[in-house]
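Protein chains in written order, with our numbering: chain A, 14 to 472; chain B, 56 to 566.
Honestly, the hints are just simulated from the structure, not real lab data.
Treat the numbers as computed from the prediction; the structure is a model and nothing was measured.
Treat each hint with caution, since some may be false.
As the list claims (entries may be wrong) - Lysine to any residue pairs mimicking SDA-like chemistry, simulated, CA-CA at most 20 Å apart:
no., chain 1, residue 1, chain 2, residue 2
1, B, K551, A, Q334
2, A, K29, A, I41
3, A, K79, B, K377
4, B, K359, B, E298
5, B, K386, A, G195
6, B, K253, B, S227
7, A, K79, B, R185
8, A, K457, B, V95
9, B, K551, A, I308
10, A, K51, B, I91
11, A, K458, A, K468
12, A, K437, A, T177
13, A, K31, B, K433
The primary structure of each chain is shown beneath.
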Amino acid sequence: MNRAHPYLPNSVPEIKEKMMMEIGIESIDDLYINIPEKLRFKGELQVPGPYTEQEVKKLVSDTLEKNTHLKCPPFLGGGVWPHYVPSVVDEVIHRAEFLTSYTPYQPEISQGMLQSIFEYQSLICELVEMAVANASMYDWSSALGESALLASRLNHRDTVLVPTHISPSRLAVLKTYTGPAGMHIEKVNHDPETGMMDLEDLKAKTGEKTAAVYVETPSYLGFAEENVEAIGEITHDKKALYIAGVDPISLGILKAPGSYGADVVVGEGQPLGNHMSYGGPLLGIFACNHDNAIIRQMPGRIIGVTETIADKRRAYVMTLQTREQHIRREKATSNICSNEALCSVAGAVYLSLLGPNGLRDLAETCTSRAHYAIRRINDLDGVKAPLFNSYHFKEFTVKYSKKKAAEVNTVLLAHGYQGGKPLKPEFPELGEAALFCVTEMHTKKDIDGLIAALKEATQ
Amino acid sequence: MTVRKFRQADWEEPLVFELSHEGRYGFHPPEAEAEIRDEVNVEWLVPQGIARETPAGLPEVSEMEVLRHYIHLSQMNYGVNSGLIYPLGSCTMKYNPIINEVLAGHPSLTEAHPDQNPSTVQGILEFLHRLKQGYLSVTGMDDATLQPAAGAHGEWTGIMLIRAYHHDRGESAQRTEIIVPDSAHGTNPASAAMAGYKIVEVPSTPDGTVNLEALKAVVGLQTAGLMLTNPNTLGIFDHQIAEIADIVHKAGGLMYYDGANLNAIMGKCRPGDMGFDVVHVNLHKTFSTPHGGGGPGSGPVGCKAILAKYLPVPDITYKDGKYALSYDKPKSIGKVHGYYGNVNVMLKAYAYMLTMGPDGLREASELSVLNANYIARKLMNTKGLSLPFAPEKPRMHEAVLSAEKLSVDTTVRALNVAKNLLDSGMHASTIYFPLIVHEALMIEPTETEPVEALDDFIEVVKRTCELAYANPQEALKAPVNTVVGKLDEAKAAHPKTICLSWRRLCQLVAE
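Just chain B, with the same shape it has in the complex (with noise of 0.2 Å):
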């Protein structure tokens, strides 16, 4: 395969509100029956004080004209399944397989409501229970709650067990902090203070793992525990997991796992055999749920025995052939979400896993690292990029290049390596993240990318460092490509300018 020439479709689209004309429906919901309204009168039923006197602003559009709109707006994005390699670091855009939106859209699903009795949604809970059960295996966990919507909601979910341990325990008016290394992601430290700790950070060595001299110095009776993801951030597992587990346990604190990198461990090492003793896995990453443009996620919490009883109600249980829900849980944290958690996006990622079986799952995990360091590999030598922290090291699900030299040397940024890749039909890698490593392009490109992709990504790169170095004003014009050229980021945010909504947005007009 070559790079290919790629221009996105722009439909100079329109606000929906600006597409209305008095009198036109999109949708007809049906009437009551004649003898109803003969029975009922609304007016006379809705008490005046209370009811609306003027018709919601929202635009009067016809049935095409509202698909239209919005196959145009689609037109104008970008997903893993419709475009080319979705290289995003710490995301895992995997394909999203379409048999799995099929059985999510099965009426016996979608038509039921969380309140019916659970003898009626018997199928329900029985795939909940099996798709806990593979996931106890995958994550090396005793119990888990599937009810968080997303993986910083089980983060926060997560922590609180922790909370709640202590409180159990008489400690938890010492143990106030929870330790998070620099290389986390933002949502650990903002779980954390959500669930009423103070943020302790530790430093990176230059290998990329946890300094364990700066671990030592911080851990005592105020800690509460630690925030971790490994591999971590920079795509490098700790091997000192295990010293690091000792020093928080023996001081009294327990070990999070943030399961945003599991993609890389699959059946080849588990969280639970590491000394975790609690976890979060992103269904819309590792099992293969789409991401959404942003959700439904799902972010089930896995935990270990001594952290069980304080999960989150109900439980799913199964006695005498009959599935159930639990409430008994005199210690549980309460409830995270008003239901059970976004079981349609379960249900995706029991199909994943059915279709996956034991050996997919650890062959997917060995080809997302095989394809890292591929990419890595052919990459690191690059002029103008580099490997920082231990670049003879392999990488495991993702790896964190810099352009650091690149920016000194041509003023072309990782920023601008991003919106090349997007003129070349390729969604950009993470950029700027980790903190830790200074114009950071974090890519990982998924085992679903077939190694021509990779090889398009590697060249696109290559080409746009090239082209900084021979002219950098042509690789600074990107992105010219895509539906909109650089936008300006500072009158969305000014508190003159800034607009939220149509109907600020018709006031400012007006003004």
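Just chain A, same shape as in the assembly (with noise of 0.2 Å):
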């Protein structure tokens, strides 16, 4: 059959043929003259299909249904998280007008998605206590790397001090963001007992050359850091910028960073109303205070509030843009053009719903699980939970004697249940350990079927 393709409508052949007349050409490849025949594609792409609709929903349906079915959401974070997506998050953000707007370089147009972006900027305020947040960055990594470059820009140094159980990817991510910028990355010992970062051996690395001091907390390993202002004020005595990580879950029962002198915020926003999608989108927070200084050196779109000029009437703009790639050109602050706009929306609609005695509830269920499991998985003859003696929020390490993390997960799995991550490629001195994670998409029955699978695993 010859039909017209659904999605273009202009292929019948009486409508092109009549548009190819009105504007004097013959063929289609009239139009295509500049392309040197040399270079012209003769071939035919290796892509499948045509298919209808009907059909490639039954194909990528197939395809995807190839994956394992599990009992329960995996028992993994490490900077994505099973946390639930209320109904009232997706509808939102299937809205045509949102779903397939361009960014809001028309603004009398773009009210809707404008005020909403404001909106997350100023739920991620309140959750991290500061006064200025950015419309999003690609993910937490992405944040992380941005913040750096920024903390180099502000102050003309060049070295980033870590904790040393940063996690590995974001660690990745942040050294390819810097390396051009010749800066370097150097880790700051821990308490072997605590896992909380050792503040002689900050003293001893902050200095002259020190651009940040960078803390997670909770830490990947899952544990809360518990020196957050002492942190703060070594960094600060030698005018270094504070910069927290942050599960914006955890916000909820944790003191927010702007409380203990951060001077920037970096964090994933995933869990606040999106799916994990195998990692991506994700949704990188970027917050600050209201310091000209930095608010000027500050990577990606900002929202701002204005007035109309006819009646003052209060509305919404992107600001600052002599700051982005598209005014700035070589000289911005960042090149970030498109952002994870989409899931910021999907964050306001979630911080939105869930208020402060909703996020607080989260946190409360997400935690007390995670300590119902860490107590059981302890209890196990040949494991120990978790391996730092130290307040955990959702994730913690378990560390197997007789059995490897791998072949553990294996068992798990014949179980129908996705263990921890094995830790032992990223740090091989916790041996043999895996990083777990419970959040209120765990029910105590999933964390029974768990730990009974784990019991047989490890003997």
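With the hints as a guide, bring both chains together as one complex.
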């Protein structure tokens, strides 16, 4: 059948011919005359299809359903976490007016998106207790990379101090971002008992070259850093920038970075109403204090409040665009253009739904269930959880003395559970350990099922 | 069809904080089971020094209020699937198919964690691998990474590959410059600068192509590479591309292809065949995935074999019927994203590729070019407008008109033409870009707009020009049919009045 494609309204032969006639050409290839003959592609693209919608639905669903069906969400965290996405969030972000709009460069017709992103910025500010947040970065990792570059632009120093147990993938991205600027990344030691940053080592390493000190709390291994204020004081004594990396859900019960002196906050907004989707899209959080020097060095889009000229009505607009690539080109504060706007709208809807009490309830459920799991796992023979003697929020380390972490996971999978991430490739000094995560998505029944399977797997 | 009367919905929507009432909930997270609560006391768990003392200042709003609030806000916004023509040049605002959204919501995808054992996500790895194969065929490249989360992210990744290549050959100290034409997207120089390069600009010729003599004058041992989009931002295919590639390659530099304009040439010609060594493609443009008000996008980077070993880790491998992730790549530039990029967006692009097939992709490109030329030909002779840079040459998927004469004759500028389009329920074209066209109206209708929509667009632009000559004050009033009229942008950016959050707004009101 030679039918006009549903996405191509002008492929109807009469329409196409009429259009060609009106602009004075005989064939479509008359429009491609500037492409030299030798450069024209004469083969067939190696692309499957075309298929009808019904066929595509079946084909793609069949492919995706080759994934293993697990008994419950994976016990994995580390930068992407299983959290429930309320139905209202998905309803809002599927609105065509949001989903299929471009960046709001025409503010008069884009007030809805501008206000939504302004609300996202505002809600993040409340969460972290700072006065400024941008419209989003790609993910936590790129937000971290950009925050290091910002620090160096502000104070013209070149070293970033990071904790021993920084997420290895965030560290890798940080290095890629800062390499071309000639920056160095240095690790600060930790207390072997608690995992907390070693303040003496931090003091020794912080100096005139220190652009920034970066802390993750909860850490990649799940424990909350308890020296956040002292770290800030040491950092500020040496006039370096204090950057805190956070899991926003933890802020339901843990102190906000603004209350312990952080200058810049980065983090991963995925748990705020965004599905895991195998790791993307994510939502890079980037916030700072209302400090004009920092604001003018910020990367990415920022929405501000203004008013209409005629009737002084409150309105929203992209602002400080002179920092950005489309105006400043190679002198821009970052090259970022497309960001994660729709994910930030999801974040705004999510935080509005939960409110202060919902967020606290959620954080309490996560940490309660995680601690229940920690206790039961630690009771098992040949297993220790967690490795560090400190408060863990929803992620924790599990060490096996009789089996290898990868072997344990194989047995768990046979029971329908995805166990924690084996840590040996990233932190060999931790031995046969794994990083587990428990959230509100894991019921007591799920956890009990995991424990039973772990008991078998670790013997 | 005729031009319609349009009025955008306006709910005078308050901020969500202004809807708050103490004690309300919009959502209940589950509580831990009673047995767990008996055993684990949260108050005792969290060390005092780091426990949050006051709850976050979030609003307390019921579920329906939150829903209505954001639906109202959505109605105060404009999308390609809900509006009329969205001819934003350089942005490829084509139809975003619904089936792609449906499939992207499949729980096998949405509920997968990136650190799961690869044996449990074979379906995802399979589609990623197949998408990559299709991508390589469309671009004519040898290998690719899907990791970059957006176009600019892809540009920077691609330039980092070039940097690694020169470094590996011991030439990184001398090759310090990236050449960029004056018509380039702003992201090109910004991305190259982030990768540590100095930017050298080359001018365009009067027919809108790269000035070869100027190029020859700036290439040398210091050249790391050249960034180019072809067709360029004027919508003109640079026929000298083979010569340009030759000049750059002979100087030891590499060629970077900005895929922002790939929608013009799918199945017609390929960056790999034009002499490019590395490319990025915006899946959110050419492969129909929605822009989401600014993102998420996806900017996969393809390259020739000489650069493959520098691509970010991990690679998706296929062996003995199994897909896996490989980190065995000692010369890799490392990672550019925390995980594997915007996988959910990639699924939509994959579904699009299947829906179009090889012939459909080629036909999409051809019709995007036909639509752009149709508009350009019908508007270029309108009083007040012109088609600068070789008006006799056909355009590709977009055309850049100039409203310079209109502006001089009537004071009605490109900006005002744009605002008059908004008043007719159409999105504006891109304006004031590329920088080398004065009073630029950069128009990219895409292939998914029916001819009736093109005719309506042409009529609105013509009417606006006529109105400008007859009664300029009227033409300057727009927009009046949108939620708000002209905004005070200076106030938004002024150090004394700048306000980037509700927290700050409350402070300013209190002062």
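Can the restraint linking K551(B) and Q334(A) be considered satisfied, given a maximum Cα separation of 20 Å? holds, 17 Å
Below or equal to 20 Å on CA atoms is what counts here, so check K359(B) against E298(B). holds, 19 Å
Would the hint linking K253(B) and S227(B) be met if the CA-CA limit is 20 Å? The hint holds at about 13 Å.
Checking one constraint from the list: CA of K79(A) to CA of R185(B), max 20 Å. Satisfied? Within the cut-off at roughly 14 Å; holds.
Restraint status (C-alpha distance of K51(A) to I91(B) at most 20 Å): violated, 72 Å
Just to be careful, I want the Cα atoms of K437(A) and T177(A) compared with a cutoff of 20 Å; is the pair within it? The hint holds at about 15 Å.
Verify the proposed pairing of K551(B) with I308(A), using a straight-line Cα cut of 20 Å. Cα-Cα ~13 Å, so holds.
Checking one constraint from the list: CA of K79(A) to CA of K377(B), max 20 Å. Satisfied? Measuring from Cα to Cα gives roughly 11 Å; hence the hint holds.
CA of K31(A) to CA of K433(B), is that 20 Å or under? Roughly 14 Å between the alpha carbons, so the hint for K31(A) and K433(B) holds.
Given the hint that K457(A) pairs with V95(B), test it: the Cα-Cα distance must not exceed 20 Å. With a Cα-Cα distance of about 13 Å, the restraint between K457(A) and V95(B) holds, given a limit of 20 Å.
Just to be careful, I want the Cα atoms of K458(A) and K468(A) compared with a cutoff of 20 Å; is the pair within it? It holds: about 15 Å lies between the C-alpha atoms, which stays within 20 Å.
Starting from K386(B), check that the Cα of G195(A) is at most 20 Å away, please. holds, 19 Å
Checked against the numbered hints above, the structure violates only hint 10.
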